[in-house]
Amino acid sequence: MIFAGIDVGGKNVHIVITKDGTILAKVEGPTGINKAEAAEKLYEEALKKAGLKRGDISRVVATGSSGSRVAFADGVIPDAAADARGVIKLIPSARTIIDVGAEEGRAIKIGPEGRVLDFAINERCAAGTGTFVDTMSRALEVSVEEMAKLSLQSTRSIPMNAQCAVFGESEVVSLIHQKTPKHDIARAVHDAIAGRVSSVARIVGLEKDVVMIGGVAKNTGFTESLKRDIGMDVNVPDDPEFVSALGAATAAATGVLEEKVEAKVVEKEMIEEGKS
Amino acid sequence: MVEAKKVEYWRWPEASWVNPDIDWQKGKLVTVGVDVGSVSSQAVIMVDGQLYAYSNTRTGSDSPDSAWKCVNMALKDSNLKVDNVDYCIGTGYGRVNVPMAQQAITEIACHARGANFLYGPEIRTVLDMGGQDCKAIRCDERGKVTKFMMNDKCAAGTGRGMEVFADLIRVPVWEIGSRSFQIEKEPPMISSTCVVFAKTEVVGLLQEGVPENDIMAAYCAAMAHRITELLNRLGMEEKFAITGGIAKNEGVVKRLEKELGVKAADKVWYDPNMRDKGLPFDTQIAGGIGAALFAFAMLERGKAQSARKA
Amino acid sequence: MLANYGFKDGSGNWFLEIDSDKCNGCGKCVEACPAKALEVGEDEYDPFREESVAKVKAEERKKLRYSCAPCKPGYGENPTPCVAACEPGAISHADGWELLYGQK
Numbered sequence: 511m512i513f514a515g516i517d518v519g520g521k522n523v524h525i526v527i528t529k530d531g532t533i534l535a536k537v538e539g540p541t542g543i544n545k546a547e548a549a550e551k552l553y554e555e556a557l558k559k560a561g562l563k564r565g566d567i568s569r570v571v572a573t574g575s576s577g578s579r580v581a582f583a584d585g586v587i588p589d590a591a592a593d594a595r596g597v598i599k600l601i602p603s604a605r606t607i608i609d610v611g612a613e614e615g616r617a618i619k620i621g622p623e624g625r626v627l628d629f630a631i632n633e634r635c636a637a638g639t640g641t642f643v644d645t646m647s648r649a650l651e652v653s654v655e656e657m658a659k660l661s662l663q664s665t666r667s668i669p670m671n672a673q674c675a676v677f678g679e680s681e682v683v684s685l686i687h688q689k690t691p692k693h694d695i696a697r698a699v700h701d702a703i704a705g706r707v708s709s710v711a712r713i714v715g716l717e718k719d720v721v722m723i724g725g726v727a728k729n730t731g732f733t734e735s736l737k738r739d740i741g742m743d744v745n746v747p748d749d750p751e752f753v754s755a756l757g758a759a760t761a762a763a764t765g766v767l768e769e770k771v772e773a774k775v776v777e778k779e780m781i782e783e784g785k786s
Numbered sequence: 056m057v058e059a060k061k062v063e064y065w066r067w068p069e070a071s072w073v074n075p076d077i078d079w080q081k082g083k084l085v086t087v088g089v090d091v092g093s094v095s096s097q098a099v100i101m102v103d104g105q106l107y108a109y110s111n112t113r114t115g116s117d118s119p120d121s122a123w124k125c126v127n128m129a130l131k132d133s134n135l136k137v138d139n140v141d142y143c144i145g146t147g148y149g150r151v152n153v154p155m156a157q158q159a160i161t162e163i164a165c166h167a168r169g170a171n172f173l174y175g176p177e178i179r180t181v182l183d184m185g186g187q188d189c190k191a192i193r194c195d196e197r198g199k200v201t202k203f204m205m206n207d208k209c210a211a212g213t214g215r216g217m218e219v220f221a222d223l224i225r226v227p228v229w230e231i232g233s234r235s236f237q238i239e240k241e242p243p244m245i246s247s248t249c250v251v252f253a254k255t256e257v258v259g260l261l262q263e264g265v266p267e268n269d270i271m272a273a274y275c276a277a278m279a280h281r282i283t284e285l286l287n288r289l290g291m292e293e294k295f296a297i298t299g300g301i302a303k304n305e306g307v308v309k310r311l312e313k314e315l316g317v318k319a320a321d322k323v324w325y326d327p328n329m330r331d332k333g334l335p336f337d338t339q340i341a342g343g344i345g346a347a348l349f350a351f352a353m354l355e356r357g358k359a360q361s362a363r364k365a
Numbered sequence: 640m641l642a643n644y645g646f647k648d649g650s651g652n653w654f655l656e657i658d659s660d661k662c663n664g665c666g667k668c669v670e671a672c673p674a675k676a677l678e679v680g681e682d683e684y685d686p687f688r689e690e691s692v693a694k695v696k697a698e699e700r701k702k703l704r705y706s707c708a709p710c711k712p713g714y715g716e717n718p719t720p721c722v723a724a725c726e727p728g729a730i731s732h733a734d735g736w737e738l739l740y741g742q743k
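Residue numbers (this note's numbering), protein chains in the order written: chain A, 511 to 786; chain B, 56 to 365; chain C, 640 to 743.
Just to be clear, a hint being listed does not mean it is correct.
Calculated pairs, BS3-like style, for lysine-lysine (alpha carbon to alpha carbon, straight line, at most 30 angstroms) [said to hold, decoys possible]:
#, chain 1, residue 1, chain 2, residue 2
1, B, Lys240, C, Lys696
2, B, Lys254, A, Lys728
3, C, Lys667, A, Lys689
4, A, Lys774, A, Lys692
5, B, Lys313, B, Lys240
6, B, Lys254, A, Lys692
7, B, Lys202, B, Lys136
8, A, Lys545, B, Lys303
Please keep in mind that the hints were generated in silico from the structure rather than gathered at the bench.
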């Protein structure tokens, strides 16, 4: 049977079509202003890419900040649930998930079966998200990929004063005027956001294996800064920005059309988890 | 800080004034408050605690430059020189680097004092929004701080948040307030609480053909709502006064008063002498006033030595 | 005087409140804080006050949310280290920190 997972994020929609656990097609496109329309249009694109028709899909599960806008979804699950299902499938040893997208960031603690035990979020603030990275790269007048490469060349750490994307932009401009080398500025940017992201991760506790997903996971400058900050290795699966959608498709495959996730699952339950 | 633009949509006009009724040479203690902010800087000169002169200028390339700029502007129509000053206190964002100051005091303490001087001893809650921050302050009848809450981390709810918006829709900040009322019906407020996300939301609204004035109303409403949350969290006590640049934006002030259910003190001098003489009332000088008053108090209480050279 | 250090941003209210009327400047909170975000020094908000008071370091104020988060203020019944260390009960995290923990 064939299933589809649709992750409607603040900036992008990611769609995955799976059959027997393998990905047949994946598609990414901008969410734009009309989210329902974007989901619809990209779904058609994904079907075309897989050479399928709508009727071939047995179940569709949506997720993401605007997952509920997917009119044709059979079910909607929370981001944390989708992330957990997607990650545990790819990396069974994963225990801590860090998911940073364009507009939100979250850290999730999962058990050996992929059950969500705890999670913490950072939302409605660009400073801890991909948007911060995009804004700073524009101030540096380089692409995000170039900024990542530059960052890896730096050997010194300059703390950024600003903790906001707007003030950060001025600070970067200021640093450029002061003739600070671009690679050091690039690293400062990644160090700054890594610090904010890691503080959210520390709430759930950093237990290995730490896995990073979401668009920002593709940024090697960021992942290096994060590894340095937490003093641990960070595992990034291929196509990290599609993992949430994959999780939604996995939920569809197991017949899960809705899910409730709880934070602060108590120790007692964690012991039971270990038993099962 | 930012490259020169053809039209600066986000600068308030500069001003200066000297009190024609005060002869500084007949006074005992000349004190100065210099408030170096991120966007604007003010110098306030007092003679024995009476307002003698002030200036409101655009912040320069750095703190010392801004300090000299506003001080020189305040002194330009007077024969008073910096050497005649007994004590000078710096405040604001750039307070640690004010060359002519003997001491620095935080703008929270200075704004409370300044609001007390401008609006009177009945003021118990002060809202100040500057270029890069927003402060909610509770004070007593002497203008002494009893509680405060400040944000200078996040651009939303600061002057910068309004400037970014002004730049985006290409309307000068000083027009936004009045234009935001040239609408048929109050629109829903901008839902994004982050300036960067709000920009995207505004672009979306513009693309949908929503009239500009309506968007201005929506943005001002969002800012007013945010300030209301901060003030409610602080705990409001009347009378309530607003200082800083935001006081000049009626679009935010009126909506704030409506949501709070409290009217802000009228922008007139508490002191009837000042009021009757038609002295200009500039909410942006509150910090500088507070600093100059602290300087006066320090000298009077023997906590500071006069630095006067001539 | 109730000093609220921290900030309000799009994601919530992140303040740490120190009551300078209760604070005796003992410095136990400074030692207890794993993020080293606190210090004891002169009262910045009352220029005429002589006694020292605990406060958040200037460079920490704009990132207080990120520094405090690992201690999980408002997460459960246990107080954060700084609150637990303070005998006069002068220090506390203002409410609102619960926004960090599992809502979606």
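Exercise for the section: Run the structure past the numbered hints and jot down the numbers of the failing ones, going up. Expected result: Hint check: 1, 3, 4, 7 and 8 fail, others pass.
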